[in-house]
Amino acid sequence: MLKRSLAILTLLIIGYWLAQGLAGVPFGQDRMLVGHYYLEHVKEQTGAVNAVTAIVVNYRGFDTLGEVTVLFIASTGVAALLWRKKKKRSAKTEGSVVLTTGTRLLVPFVILFGSYIFIHGHLTPGGGFPGGATIATGFLLLYMAFTTYEIPHRGFEKTEGIAGMSYVLVGLIGLGIGGYFLFDWIWQTWQLGTDNIGRLFSGGFIPIIYILIGIKVGTELSGIIDNMVKEEVSE
Amino acid sequence: MISVYYFGAISLILIGLYAVLVKKNLLKILIGLSIMETGVNLLLISIGYVSGRSAPILSEGIGPNQAVDPIPQALVLTAIVIGVATTAMALSVAMLIYEKYGTLNIEEIRRLRG
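Protein chains in written order, with UniProt numbering: chain A, 1 to 235; chain B, 1 to 114.
Bound-form chain A, shown alone (with noise of 0.2 angstroms):
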């Protein structure tokens, strides 16, 4: 009773504390520096609608490629510590009627909107990661109502592995082309889809690097689903 009581006593001095730092930060105003820029040039200098998908992955690319290293690492990280020579599924009940029908209903679905939302990153919202979170959802609903289901593992590793290498690939490309790394080369050198902008043919590399991005974060979590769900089994 006596440590709650202190931790309660300790967070509200740290609550009043944050409170009067964010007492002089007012809310609902304008305070964009940088962000006024990147609003006013985000279509003639990336081609891109999104702003949010063109600072991710133009402006500030670097930090997407660390994210994206981060996750990788995540993924390897929980592979490395459930490893097991003899792995299966645990799970016993099999789904419902309904459960297993809707799913096999669904999942096409799903992939399809999956892809959608990281295909059209640089003009609706979302982008890779949501786009690739959405995927992996289906390979979720897969492993939830069938008992007996697991990923293709040689082709989703391989699949994974060439989209995060493609992604360096682009960068380096325009590390030839451009002069530094990540430059956005299709936009800036080809000028391709300079009329389109709005249209899906058009965001410079954005679309590229999404479509990558949504297929490597769609494999990796689909992934780490897998790892998770599994058991060893004694012989």
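It is worth saying that the hints were derived from the structure and are not from the lab.
Note that the structure is a prediction, hence the values are computed from the model and not measured.
No residue lacks a Cβ here, since even glycine has one placed at the ideal position from N, Cα and C.
Heads up, a few of these hints could be off.
Unchecked claim - Covered stretches of chain B (in silico footprint by chain A; criterion: 3 or more residues with CB under 8 angstroms from a CB of chain A, positions within the stretch not fixed):
id: 1; stretch: 66–74
id: 2; stretch: 87–100
Stated by the list, open to error - Between beta-carbon pairs, the in silico distance windows are:
id: 3; chain 1: A; residue 1: Q29; chain 2: B; residue 2: V93; range: 41 to 47 angstroms
id: 4; chain 1: A; residue 1: R84; chain 2: B; residue 2: E107; range: 26 to 32 angstroms
id: 5; chain 1: B; residue 1: S51; chain 2: A; residue 2: E150; range: 46 to 52 angstroms
id: 6; chain 1: B; residue 1: I82; chain 2: A; residue 2: E150; range: 24 to 30 angstroms
As the list claims (entries may be wrong) - Derived lysine-lysine pairs resembling DSSO-like cross-links, with alpha carbons at most 30 angstroms apart:
id: 7; chain 1: B; residue 1: K28; chain 2: A; residue 2: K92
id: 8; chain 1: B; residue 1: K28; chain 2: A; residue 2: K88
id: 9; chain 1: A; residue 1: K3; chain 2: B; residue 2: K23
id: 10; chain 1: A; residue 1: K87; chain 2: B; residue 2: K100
id: 11; chain 1: A; residue 1: K87; chain 2: B; residue 2: K28
id: 12; chain 1: A; residue 1: K230; chain 2: B; residue 2: K24
id: 13; chain 1: B; residue 1: K28; chain 2: A; residue 2: K230
id: 14; chain 1: A; residue 1: K85; chain 2: B; residue 2: K100
id: 15; chain 1: A; residue 1: K230; chain 2: B; residue 2: K100
id: 16; chain 1: B; residue 1: K100; chain 2: A; residue 2: K3
id: 17; chain 1: B; residue 1: K100; chain 2: A; residue 2: K86
Let chain A serve as the given structure and place chain B on it in line with the hints.
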């Protein structure tokens, strides 16, 4: 007077911190970490809000002067993914701990045996 968004974000951070400080169950501590992370993300997003403006997706009706700050949203996109990655790692460590010790109570997990 502090904004309700700031207040909510700070409360989420504090609730998460409380769970980390007080709770004994490892899974509850992880839940606390996730709540804390949500609070941080909400704080970042609400700092970028500009009253009366819409999402930073420029279309015919929305020019550069009618959009909110896009940078915090990009930051939070990164932060969410990193949060998911760390949570996945922590959960698999928790699974291993339960297999090895048979308990998730942090007071009973005395020393890490090799």
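Exercise. Between K87 of chain A and K100 of chain B, does the CA-CA distance stay at or below 30 angstroms?
Worked result: holds (17 angstroms)
How about the stretch 66–74 of chain B: do at least three of its residues have a C-beta closer than 8 angstroms to a C-beta of chain A?
Per the Cβ count (6), the hint holds.
Quick one: see if chain A covers the stretch 87–100 of chain B, three-plus residues with Cβ-Cβ under 8 angstroms. holds (count 7)
Compare the distance between the alpha carbons of K28 of chain B and K92 of chain A with 30 angstroms, and conclude whether the hinted pair is satisfied. Distance of about 27 angstroms is within 30 angstroms: holds.
inquiry  = Please verify whether K28 of chain B and K230 of chain A have alpha carbons no more than 30 angstroms apart.
reply    = holds (23 angstroms)
query: Does K28 of chain B lie within 30 angstroms of K87 of chain A when you go C-alpha to C-alpha?
result: holds (28 angstroms)
Inset, instruction - Starting from K3 of chain A, check that the Cα of K23 of chain B is at most 30 angstroms away, please. - result: holds (11 angstroms)
Pairwise beta carbon distance, I82 of chain B to E150 of chain A, judged against the given window 24 to 30 angstroms: Cβ of I82 of chain B to Cβ of E150 of chain A: about 28 angstroms, so the range 24 to 30 angstroms holds.
Item checked: Distance restraint evaluation - Q29 of chain A, V93 of chain B, Cβ atoms, bounds 41 to 47 angstroms -> holds (43 angstroms)
Hinted pair, alpha-carbon criterion (30 angstroms max): K28 of chain B, K88 of chain A. Please report holds or violated. This hinted pair holds, its Cα atoms lying about 28 angstroms apart.
For the pair supplied as a hint, K230 of chain A and K24 of chain B, is the alpha-carbon distance within the 30 angstroms limit? Cα-Cα ~27 angstroms, so holds.
So does R84 of chain A sit 26 to 32 angstroms from E107 of chain B, Cβ to Cβ? holds (29 angstroms)
The structure meets every hint from the earlier list without exception.
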